[in-house]
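First to last, the protein sequences are chains A and B.
In short: position in the first sequence from 1, add 321, done, that's the working numbering.
In short: position in the second sequence from 1, add 39, done, that's the working numbering.
Rather than coming from a laboratory, the hints here were simulated on the basis of the structure.
Because the structure is a prediction, the values reported are computed rather than measured.
Glycine residues also receive a C-beta, built at the ideal position from the N, C-alpha and C atoms.
Just to be clear, a hint being listed does not mean it is correct.
What the hints assert, rightly or not - Each pair of labels, with its calculated beta carbon distance range:
1) Glu146/B - Leu332/A: 44 to 54 Å
2) Gln93/B - Thr339/A: 38 to 48 Å
3) Thr371/A - Thr52/B: 37 to 47 Å
4) Thr349/A - Pro135/B: 18 to 28 Å
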Amino acid sequence: EDKVVQSPLSLVVHEGDTVTLNCSYEVTNFRSLLWYKQEKKAPTFLFMLTSSGIEKKSGRLSSILDKKELSSILNITATQTGDSAIYLCAVSEGGAQKLVFGQGTRLTINP
Amino acid sequence: DTGVSQDPRHKITKRGQNVTFRCDPISEHNRLYWYRQTLGQGPEFLTYFQNEAQLEKSRLLSDRFSAERPKGSFSTLEIQRTEQGDSAMYLCASSPSLGTGELFFGEGSRLTVL
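Between the sequences and the hints, there should be enough to build the whole structure, so can you do that?
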């Protein structure tokens, strides 16, 4: 069965810290890995990764995919309270673009 | 607002009642997805439409659940004879068929079954 596992499930840090969130996957027909941020309601898109070893960056956030290890990391530097959210990792499989999600990492940034 | 919209945003019902949720996708998107999210979990896939055709259903979608997309535009998700275990956030998402793989999510319909 296709599976996406995220760690840690919960993380509390102080403003200004750097955090690394992990995602590992087992899917039969991998197409891409996506990261979403969910604050209160709708998940909002952060990154999509298809190629191993190529880092995607957006401001203080960056992510990289390791297809050999079937994993990805999401880094956030100089964290701010507005980064507090649930970060979801999802894998796209097959032709339907169906996403299989992990449980999410709840990140809390304390001032 | 041209994003994915869902209605109602919150529904409270008694066990055994039927409920229906509506999703209006982004207008040029021909793929539409329903997901369910419970507290502390990531979204779980329920079903997927390409235009009006329902192409895949999860085994999570028991016979009490039915989804339609009659004209390939909006979709409805009906739950019959609701149970307390149906309490969850029901998320709708859409995407173009030749897209990048990103799904665009609505804000969800939260169901509470008493």
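| query | Measuring from beta carbon to beta carbon, are Glu146/B and Leu332/A in 44 to 54 Å? | reply | At 25 Å between Cβs, range violated.
message = For the hint 38 to 48 Å, verify it against the beta carbon of Gln93/B and that of Thr339/A.
response = holds (44 Å)
Quick one: are Thr371/A and Thr52/B within 37 to 47 Å, going by C-beta?
holds (42 Å)
Practice item. State, for the Cβ atoms of Thr349/A and Pro135/B, whether the hinted interval 18 to 28 Å holds or is violated. Key: The hint (18 to 28 Å, Cβ to Cβ) holds, given that Thr349/A and Pro135/B are roughly 24 Å apart.
Hint compliance for this structure: hint 1 alone is broken.
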